[in-house]
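Residue-level listing of the chains:
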Amino acid sequence: MSLLVAEHVSHAFGSTKALTDSHLSVEAGEVVALMGANGAGKSTLVKILSGVIRPDAGRVTLNGKPYAPESPADAATRGVVTVHQSTDVVGIPGLTVADALLLQHYVEKRSPFFLSRASVRRQARRVLDEAGFHLPLDRDFAELGAADRQMVAIARALSNKAELLILDEPTASLSMQEASRLYDIVRGLKARGIAVLYISHRTADLAALADRVVILRGGRNVGAFSRPVDFDAAIETMIGRPLSAARPKKRERFGRPVIELRGARLFPDSAPFDLVVREGEVVAVTGVLGAGKSRLLSSLFGLKRLADGEVLLDGKPYAPKNPEEAIAAGVVLAGEDRHRSSLIPAGWPGETIAATISLPHLPRWYPSGFMFSGRERREGNLAINRLGIKALDALASVWSLSGGNQQKVVIARWEAEPSRALLLDEPFQGVDVGARQDIIAAIRAHADRATLIATSDSEEAHEVADRVIEIDHHSLIDKAHGGENGQQEESI
Amino acid sequence: MSPVTENAHGETPRHTDVVKDVVRRGAVFILLALLVVGFSWTQPAFANINNLMSILQAVSVVAIIGTGVTVTLAIGGFDLSVGAVAASAVMAASYAMIVLGLNAYQTVPVVLAFGALVGLVNAFLIVRLQVPDLLATLSMMFLLMGLQLIPTAGRSISVGLILPDGSTASGSYDPMFLMIGRSSLFGLVPLAVVLMLLTAVTLYILTERTRLGRLLYATGGNELATRLAGANTARIKTFAYVLSGVLAALGGVIVAARVGRGDVSSGASLLMDSVAASLIGFAVLGLRRPNVLGTVIGAVFVGVLLNGLTMLNAPYYTQDFIKGAVLVGALALTYGVSRAKS
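So the protein lines, in turn, are chains A and B.
Residue numbers for the first sequence follow the UniProt record's numbering, so the first one is 1 and each next one is one higher.
Residue numbers for the second sequence follow the UniProt record's numbering, so the first one is 1 and each next one is one higher.
Chain B with its partners taken away, still in its complex shape (with noise of 0.2 angstroms):
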């Protein structure tokens, strides 16, 4: 009945499929690195270690918030929100620090837990309502997109804010919260990359090393299967998705303690690009699937493609179409190559 059965076993590997299976799992790691060194080759500017803190600063946001994908994508569902999540984030923490005077020891937590509560929601929506992910998590996009633009009246927050009832906001940021945005620890590596690195490790050993990855994926896999299982996939999903919303307003945070405004445009193309590295990184390791490590390398090496562009004054509006390029390559490495096999 199953088509493997007859040449499951003993089948000794060729010298060709060796190669091939190097090419495909290392790829992206192999790109990565012919990128670096033709970069540092040719504008050896880009080599200095405070560029390449620059790209991981520049990606860090975007990795974060890919990783919360990657986990919404391993339990089989998929959040379309997250952009929204932290372009609202970012006007919850200016409006908190600005309009509400909280410093960044209140303003950090209000605006995590307003990342949770929207996951809550979507969780809400796809588990209890049925409603399908894709759906429940744009249709949560577009409310948090219009809901960001009420309390200001659609205007952008900054200090000395004129309030739609006419009076003028007192607050200002809390330098400490600057900090999270603007420092670095020991003078060299930026706090958001600290950040991003510590994100990453940690779903990368809860995705791979725990039980609750293990079912992460197995409800994503077989939901039915891992629910016969006696877990609650209903619990699981809906730790997916806060999670998901969490990480997003973190990245959320850290943008408005870069830019220190909540701007109404801001995380216009995060949503893309974090979907992006999810998906490049199926790529990575040849692994076809949604996983953490891969997420953060991809959102490197788009960052590494990008700056090393720049570097060689390719125009700014030539950056949409090389993610996208990278993307399309990417998941025809990570389908195509591959599929000689079967």
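Isolated chain A, as found in the complex (with noise of 0.2 angstroms):
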């Protein structure tokens, strides 16, 4: 008998059906992986699954009993429990990571009313051991990486004696051997018998994992592959047309250098190294997180200082002391999570497309100070259709874009006015394939300016780049003899 059976489930907002007659079943200790571009109704039939949202039509039964969540809450407890791709919110930071394992504890006061230090130790180490992780408990919560923070959250989950666990994006925030650690703890889970369903953009996820994937497209299931999964044909699947040639010609030619880095350092301690990136080239940096991926963008940005060497922009020095000068010499970047580094919340003035696109661009397109002409909208207008953002209008809320076209929309920011190097920090975190696809073209379009990629994961290294070089240690690996000329192709 299935742990789970959900059948004929579907659900409107307004008149948009989110999800058409969908069917999911999981096995018990099977690893079930949902896959859908953004829209297709993922993260609606997860809402339905953990008690977010009702269904408007269907059943779902858990271990052959009917299954209506009214809440999160009421899920956990009959052991289906969520763990969402945002994990800032399991713990408090200024609390320990003892108080963020046991915090469902003191809400249902499992807890003693008057707790000493040493009794939450004891509980939180139980909580930990029943998982098997092993966790600093007396560090404040704000100082653990997102792979521990998730851990936190699954040790949570199993403390509450979850049967189906869903991981909702669990790699999005992770570095590759962060990613690695969490594969290794959800086949623990699939070990003990714990059902994963699990959403995630990432096929090496999937291909690490995935007992048996099922495809959304547009609410409705449209395929379902067993292991040995051919991603091929689910990508084909998922995004309902044919996968163009999923890695890039490797161009060879490109212009005059642009950007050029000299003896190098990120800190007094790490190794120097050169870097040229040319007018018209893509190079992926790649390594793990805390490898100085975005120190080194950073650093060329304006927000930090290089330790030691020289740095020359199109042949002259360059050095900016803040991202107002980077700017002004050329060099833009589009930080890592847009939603802290580039967009304005939503309900607020500048929450629109055209003025996430404009906000750098204020004082060329208003130079009277004055913002009458309207030429954020028609900038904004050319953007959407240049770059295919599924929007009718620049006025709409960039809020109410997925995140792929949400991410259309910062690459449009850089590439309203001209640029000598552009600078991209983790520019697919949260893109489905699709919309990937379109930024990868956008980006590889620009013969006039250099682009600069940091990436933990090398798959997308190698789909968007010209060229791939490896970070570590504060230091790039100069893999192939003579640097910068060298093409460096690595099997994955």
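Treat the hints as calculated values from the structure; they're not laboratory data.
Certain hints may be false.
Label pairs and their calculated CB-CB ranges [what the hints assert, rightly or not]: (1) A:I92 x B:P151: 45 to 53 angstroms; (2) B:S139 x A:L115: 50 to 58 angstroms; (3) A:P345 x B:L147: 34 to 42 angstroms; (4) A:I92 x B:A234: 26 to 34 angstroms; (5) B:I322 x A:R122: 35 to 43 angstroms; (6) A:A68 x B:T310: 52 to 60 angstroms; (7) B:A234 x A:E252: 41 to 49 angstroms; (8) B:L163 x A:G94: 47 to 55 angstroms; (9) A:R121 x B:R209: 53 to 61 angstroms.
All residues carry an ideal CB built from backbone N, CA and C; glycine is no exception.
Hints are included, so try docking the two chains, each in its own frame, into the full complex.
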């Protein structure tokens, strides 16, 4: 008997059918991956299973009994626990990891009224042991990395006697190394007979874990693949069109050098390295979290200083003191985590697509200081057409868009005016395969600028870049002799 | 990943939603109209043009200071020192004329510069030293409340003031200065109301229709993103606090010119009233954010309500309660009614 069976499930938001006659079954100890582009209905299905919303039609059973959770808490007590992509809300900065593990105990009055440090630690230790994890109990939750936070969330789920764990984009903010730790954890859960419903855009995740892949498109089941999964076929099913050559043709002829680093050190004690990025060239830097990718981009954008070395921009010395100077010199950056680094919150002036694009260009577009001309709207609509952003008008809120389309808007911001060098930090975070193709095409379309991309996903790096360089311990690893002229292909 | 993905497009608003939306956006205006009609009906004297002008005059100071608070709210900060700045400005103006013997043309710039200086200090604390805005401006409020007492040894300032050293101050109020608070344009529109309208229009255009305004809100919405887009957020925040200080000082100038003396306790309620006006403004047009138009409407709303109730013989001591009730209602409207969407 299947652990969870959902049949004929439908749900609509207003007149938009988010899910139509959808079905899903999960066995105990099985890892089922749910795939679909943004808007395919994945999150609606997850919300139904986790008790956030109720389906309009259909029935769901858990262990053969009808299952219709009233709330996420209700779902959790029945053994269905969801771990969300954003793990910031798992614990509270200022409180310890132990407190984060026991949060639910506090709320549900399972803890005694008076807490001693020792009893908290003892209880927290029990929760961790149950999950088989090792975490520093006395550390401030705020100091934990994304992977550790995820472990806290999973440990908490397990202490709740979870039978089905729903992981929503768990690796979106993890480095490769952290992701492989998560893989081990998921395999451990599977061995214990816990079912996992795994939602991810990353085929690497699914290849490593999934027993079965269920694909949604436009709110309907469009296919299912069993192990061994043919991921090319799965992705084609998911996006509903043939996959254009996943890897671009590596080009070899580029223009003049735009960015040149000589003897650069990110930190005083790290090894020096050279780097040249030429006009029209797309270079990707990959490495684990903390290897120095973001640091490299930050120092080119005036947010950090190089400890040592020389930077040339178009052959002239370049040392920006802040982003203002970098942008004025033609070096622009789209930071990682677009919500934090690029977007204005919903409901606040500047949340529209047009305003998101215009923010750095206001002085040029509105030289008088008054914003009466509507130029940003025109530029926004141009961008919508050029990048295929799914929006009716540039005055729509950027928050009405899916992750992939939001990222297109961020890219459009830096394409609205010519630049010399485009720096992109993790540009494919939370971006589905379809949108990723569009973004890659947009990035590669410019022959007049240099592009430097930081990503922890080497597969992504090879999809977008002419040249992929690894970074480790804050220094570029010069595999091909001769550095920037070598082609570095590595098998993945 | 985003919860709105599935219902982003193509949703046709239902009839009830339209009604709800109109109520949400227009609630303050509808209530204001009802108040005016109601008061005019029960008290015909209410609708007298002179009474309406006196309402506007009464709220002008709160509205001007409130627009300054609004700008600090827009950058994601908060200026709690505005009441103290206004009160100090009253004392400073009186001191400048009565003790230092300055005329109106010297006094007004000096007082406004004083407001700008306080704004700069606030900005220094908040932007440079990274003191949280509430704490920085709260301490500044304390400091100013004390500071204003020192030059006169705690006495109020009026003509013939006896100074701490025993001598008598020789200056007097410049009649030109008093005109700011007491004269009217065409014998109808008080100068203070004209100043309020000028401030309101200027700041409305500044915040809603200019590049700088966009950057002010952008800083308040996501400071990191604004900085990464190349804006100098430190300068933008400094501007907001300086503007807030200047507007508070302008409010103080109007109070001093109306009262004609430097009263130690003047401006006691200005902070609460102007903050309340800004917060009531969140509900205007259902914007749920600080906005200049809303602040001015908020101030007028409270003024109309208090004036009308006073005409209906509501005792003066109920005034604070009424203001509080309006604020609570406005915030409930702002945050409560429209939540159904999500």
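Evaluation of the provided hints:
Checked against the given bound of 45 to 53 angstroms, the beta carbons of I92 (chain A) and P151 (chain B), roughly 48 angstroms apart, stay inside it. The beta-carbon spacing between S139 (chain B) and L115 (chain A), approximately 35 angstroms, falls outside the hinted interval of 50 to 58 angstroms. Distance hint check for P345 (chain A) and L147 (chain B): the Cβ-Cβ separation is about 38 angstroms, which falls inside the suggested range of 34 to 42 angstroms. Checked against the given bound of 26 to 34 angstroms, the beta carbons of I92 (chain A) and A234 (chain B), roughly 30 angstroms apart, stay inside it.
Checked against the hint of 35 to 43 angstroms, the C-beta distance between I322 (chain B) and R122 (chain A) comes to roughly 55 angstroms, which is inconsistent with it. For the pair A68 (chain A) and T310 (chain B), the supplied restraint of 52 to 60 angstroms holds, since their beta-carbon distance comes to about 57 angstroms. Against the hinted window of 41 to 49 angstroms, the Cβ-Cβ separation of A234 (chain B) and E252 (chain A) comes to about 45 angstroms, which satisfies the hint. A C-beta distance of roughly 52 angstroms is found between L163 (chain B) and G94 (chain A), which places it inside the suggested range of 47 to 55 angstroms.
Under the hint 53 to 61 angstroms, the C-beta atoms of R121 (chain A) and R209 (chain B), about 58 angstroms apart, fit the expected range.
Hint check: violations occur at hints 2, 5; the rest are consistent with the structure.
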